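Novice: Spelled out, the chains give:
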Amino acid sequence: MKLVIAIVQDKDASQLSDQFIDANIRATKLSTTGGFLKSGNTTYMIGIDDQRVDEVLAMIKEASHSREEFMTPPVNLDASMEGTTAYPVKVQVGGATVFVMPIEKFQQF
Amino acid sequence: MKLVIAIVQDKDASQLSDQFIDANIRATKLSTTGGFLKSGNTTYMIGIDDQRVDEVLAMIKEASHSREEFMTPPVNLDASMEGTTAYPVKVQVGGATVFVMPIEKFQQF
Amino acid sequence: MKLVIAIVQDKDASQLSDQFIDANIRATKLSTTGGFLKSGNTTYMIGIDDQRVDEVLAMIKEASHSREEFMTPPVNLDASMEGTTAYPVKVQVGGATVFVMPIEKFQQF
Ligand code: NI
Ligand code: NI
Ligand code: NI
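Protein chains in written order, with the numbering used here: chain A, -10 to 98; chain B, -10 to 98; chain C, -10 to 98.
Warning: the hint list may mix true and false statements.
If chains are identical, the list can't say which one is meant, so a pair holds when it fits in one copy or spans any two.
[Unchecked claim] Simulated pairs of lysine-lysine, DSS-like, Cα-Cα distance not exceeding 30 Å:
1. 50 / 18
2. 79 / 0
3. 0 / 94
4. 50 / 0
5. 18 / 0
6. 50 / 79
I should point out that these hints are in silico values taken from the structure, not numbers from a laboratory.
Keep in mind it's a predicted model, so treat the numbers as computed, not measured.
Could you put the whole structure together from the sequences, leaning on the hints where they help?
Specialist: If you want it as structure tokens, here you go:
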């Protein structure tokens, strides 16, 4: 048994929550802020058998790894610029920090 | 010294907080959601001497173990059903998940 | 790599957050309550290389160690006491609880 503590961006949290439920993985969600990010993030605490740790890490990686996305700036930014087009711009999104912690005792009542 | 992380239902948290205070156990409370439960739960972080870990576990178990309770459905559910009686129904409440974690260093400033 | 969990008073948190940023230390903030304190406190989770643990502990100690401060009671308390002066009184502030936890695996995606 391990305790996995995963800090992901709020943006990626709902997909990850769904995947945990589908895989029958019990994750407790903490509301957190910080790192260098101004935006909110979500911290999961997950108690998991040793042999499923890699599966959990793969799920977290797939849902939240750092990546570039194209974002089209909102139209109202261009309101005063007649004739211009809102081109999609690259933004960096995602990223997760994960700690796998040893446990001395695990109990459910 | 160990760090006990205990996730209990909000319903059981105030009794447990009282017991921790009575027993001079310092517990820090985190607001959490999740597991499979839609309802809120409360996570305690408790720094405790090795020889008191079992005492803490017993307190958490007694305050929050999974159990059946009889709940009488609220009267207004029966408003349209004249002559019926609201019978108490069995519901499952409680349950706690507890991790006992090793600590390398503990300090208070 | 270690996971440092530090519980400090809200009063001391913003100074500490600034120092973490200046020192390029990534700290995730959890909103917590409790201990015996009625007032809010802030819990930091900090993933840090072994050789920087003492530096982090020193920063937490300096920002939040238990200490006496002089506080002048607010003027409106004296509204009915003509001719009296609001003398500063000593109050105990600060204090931090810190756990240094072992990590089995650390990953960033
Ligand atoms: Ni991908
Ligand atoms: Ni009982
Ligand atoms: Ni000082």
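Novice: Hint by hint, note whether the structure agrees.
Specialist: Verification of the hints:
1. Taking identical chains as interchangeable, the C-alpha atoms of residue 50 and residue 18 lie at most 30 Å apart whether they share a chain (17 Å) or sit on different chains (22 Å).
2. Taking the shortest alpha-carbon separations for residue 79 and residue 0, only the intra-copy value of 16 Å comes in at or below 30 Å, while the best inter-copy value is 39 Å.
3. For the homomeric pair residue 0 and residue 94, the shortest alpha-carbon distance between copies (24 Å) is at most 30 Å, but the shortest distance inside one copy (33 Å) is not.
4. For the identical chains of this complex, residue 50 and residue 0 are intra-copy neighbours only, at 14 Å inside a copy versus 34 Å across copies, given an alpha-carbon limit of 30 Å.
5. In this assembly of identical chains, residue 18 and residue 0 lie within 30 Å of each other by CA distance both inside one copy and across copies; the values are 14 Å within and 18 Å between.
6. In this assembly of identical chains, the alpha carbons of residue 50 and residue 79 lie at most 30 Å apart only when taken from the same copy (21 Å versus 41 Å across copies).
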